[in-house]
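Engineer: Residue-level listing of the chains:
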Amino acid sequence: MSEKPIPLWEVFIRARSGLPHRHCGSVHAADAAMAVQAARDVYTRRGESVSIWVVPSSAIVASDPNDKDQLFEPTSTKVYRHPTFYDIPDEVGHM
Amino acid sequence: MSDARVASYALSLGDDALVLGHRLSQWSSRAPTLEEDIALSNLALDLIGQARLFYTLAGETEGNGRTEDDLAYFRDADAFRNVLMVELPNGDFAHTMVRQLLYAAFAHPYLGALAGSPHRGLAEIAAKAVKEMAYHVRHSAEWVIRLGDGTDESRRRTIEALQSLWPYAGELFESDETECTLIEAGMVPDRRRIQKPWDETIDRALAEAGLERPVDSTAAHSGGRGGRHVHLAEMLADMQSLARAHPGATW
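Chain order of the listed sequences is A and B.
Here my numbering = 1-based position in the first sequence + 290.
Here my numbering = 1-based position in the second sequence + 1331.
Simulated from the structure, these hints should not be mistaken for laboratory data.
For each residue, glycine too, the CB sits at the ideal point set by N, CA and C.
Among these hints, one or two may not hold up.
Claimed, not checked - To give an idea of the interface, some chain B residues facing chain A are shown, with a C-beta separation under 8 angstroms as derived from the structure:
1) Q1357
2) E1366
3) I1369
4) A1370
5) N1373
6) H1470
7) E1473
8) R1477
What the hints assert, rightly or not - If you want the footprint, here are the derived chain A segments under chain B, 3+ residues with CB under 8 angstroms:
9) 298–306
10) 318–324
Please put together the full structure from these sequences, using the hints given.
Structural biologist: If you want it as structure tokens, here you go:
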């Protein structure tokens, strides 16, 4: 048998709350239309979603885990980038 | 309100939904992929949910105090009114998907018409079910298109499924005497009016799949509405065994 592997798709769903689409997992499907259906069937069974995006997993460009020292480590010493040094007046409320 | 005609009619629609729903549920853990396993379970749950509503209405309008469980689990095969197509063993995946398309292409427009019934109970169930059946049409048609237009093997299997299931489709358009009186009274749709939308849905899917529409057979299979079944007793023996072994059990 020389069956082609079924392509993988990343699934993003948008909840009713109006928040942006969020990555929730992946599905295997032969093409885009079937991927939307598979995403609907697997990830929206409990009324989680009002919109689905699917993206070919092969279209995702990822950072290399071996680069984490140079990409992410340097930020750990730059605490001044966090907006925690300001006093927020009570009248402003939750930000 | 007691109405034997509505009870009989609701029972028929409930039986079609329950039997097909149970057949689909038999795919659980056996489907070709994890995604499709869940998809088939979703389709099954839609149909079993529809059956529950039709059975509850049937029990209420029958007026003998029978519940949905009584109707699902404590009737023998010859008391079921489902069309024969829905009780056929699943066969392979192509067979299951072709059957789903042939059934849903009927049920979707039919329930759409029933949603306009002056009988409020029937209309409400139909209005809920019609949205579910729209997805059944979409899902099964997309699969039939890909199987028909797929590999040599998927195409061969889909053609075989179409040939073997086609003679069962005509029964979807038959009405028994009780239903005819409801049609004349303007309570429920005439099934013959569904032929055109059914043809359009099927022909569109087959054209896209590159499959030929089978020739209508003179040796059509029917009799399910009259309680003459072929594969149902074997299916019910399994489906009803738990409820019958433990009557009244809850979990």
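Engineer: The structure should be examined with respect to each hint, and the outcome stated for every one.
Structural biologist: These are the hints, each one checked on the structure:
no., hint, result
1, Q1357, "18 angstroms, violated"
2, E1366, "4 angstroms, holds"
3, I1369, "5 angstroms, holds"
4, A1370, "4 angstroms, holds"
5, N1373, "5 angstroms, holds"
6, H1470, "6 angstroms, holds"
7, E1473, "6 angstroms, holds"
8, R1477, "6 angstroms, holds"
9, 298–306, "violated (count 0)"
10, 318–324, "holds (count 6)"
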